[in-house]
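Engineer: One-letter residues, chain by chain:
Protein chains: 2
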Amino acid sequence: MDKLDQRIISALAEDGRRSYRDIARDLNVSEASIRQRVSRLTSDDLIRITAVGNLQALGFDVVAMVHFKVLPSRIEEYAQLISEYSAVRFVSISLGNADIIFQSLHTSIPSLHDFVRNELPRRMPDIIATEIFPLVKTLKSSWTWEAWFDLQNQNS
Amino acid sequence: MDKLDQRIISALAEDGRRSYRDIARDLNVSEASIRQRVSRLTSDDLIRITAVGNLQALGFDVVAMVHFKVLPSRIEEYAQLISEYSAVRFVSISLGNADIIFQSLHTSIPSLHDFVRNELPRRMPDIIATEIFPLVKTLKSSWTWEAWFDLQNQNS
DNA sequence: AATGAAAACTTATTATT
DNA sequence: AATAATAAGTTTTCATT
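Going line by line, the protein sequences match chains A and B. Per my numbering, the first sequence starts with residue 1, numbered consecutively. Per my numbering, the second sequence starts with residue 1, numbered consecutively.
By construction, these hints were calculated from the structure, which means they are not laboratory data. In this text the structure is predicted, and so the values were computed from the model without any measurement. Mixed in with the good hints there might be a few duds.
Identical copies carry no separate label here, and so any pair may be met within one copy or between two of them.
As the list claims (entries may be wrong) - Calculated cross-link-like contacts (lysine to aspartate or glutamate; reagent style DMTMM-like; alpha-carbon spacing at most 25 Å): (1) 140 / 76; (2) 69 / 45; (3) 3 / 77; (4) 3 / 61; (5) 3 / 119; (6) 137 / 76; (7) 69 / 126.
Please build the complete structure, drawing on both the sequences and the hints.
Structural biologist: Here's what the structure looks like:
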């Protein structure tokens, strides 16, 4: 991951459909070079070029963050199980006052409730506590990297 | 937002660089029609085609979710202010036991601490409580929509 | 890893329904 | 809102450094 990789990622974060040729002109390298690096970044799963959307604007009416505390020995296993649900779009293992944090999408509040309070505990009996945070409005969901790569480079 | 829009979004979520021509062939419409709809979806800010990445894999070592409780009259204002920071990549207003939930990226734990415990409270005196959830490992960060559009359509 | 060359393919614009 | 036509631009492949 060198500065050229970072500049390519920044360009594609800005506009995922920008032509490789155009990026190449901008960065003074060949088009094939951009193509080769994007293939590597993509096949190594470092980046993914994709359509992201504002969930609320797209009609996903019930979006929530959910916290689970679970028996310590079950954390990894349960995080994996939670990842299998298509309602769940994001799963992380956390330190602090929650062991697993995930984001879940539903068509109604009762279906969110049923999923978190019935469906998941049925499969995962060692869940100790749950906390639900319904998201009302998303003000920022940012996909640019420049500021971040800059900061990383300053400190290295 | 009709079924054609949903199919286009699904295709671009799968591969944001797939050619409009190829999508058009698949969906039995003209290339210009795909182009026109993608332009609309993009300029209406319903979707964005972008490079997303695994933050930990890209070297963003300290990623945390942060919860704030704030004076009720300040929630919107503070959520806006938090959105202005480039360290902050996601900001939502929440119901339940937190008023504002955001994701923040840092190069070290002390810098996360300084940001959340000093920098933000200095600008936002009506923060009542903070809670930090450092993310250790992200198991899923999914950008596909098929399952979701299917569910929406069943219920409508 | 990076490159240039060139055939095959895609995009973007225009005019039309 | 969708389309066909088409000139301009891009991608992909391959041989070379």
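Engineer: Now tell me if each hint is right for this structure.
Structural biologist: To see whether the hints hold, each was checked on the structure:
1. 140 / 76: between (29 Å within a copy, 12 Å between copies)
2. 69 / 45: neither (29 Å within a copy, 36 Å between copies)
3. 3 / 77: Neither. Shortest intra-copy (37 Å) and inter-copy (37 Å) distances fail the 25 Å Cα cut-off.
4. 3 / 61: between (40 Å within a copy, 18 Å between copies)
5. 3 / 119: Neither: 46 Å inside a copy, 29 Å across copies.
6. 137 / 76: Intra 30 Å, inter 10 Å, cutoff 25 Å: inter-copy only.
7. 69 / 126: within (9 Å within a copy, 29 Å between copies)
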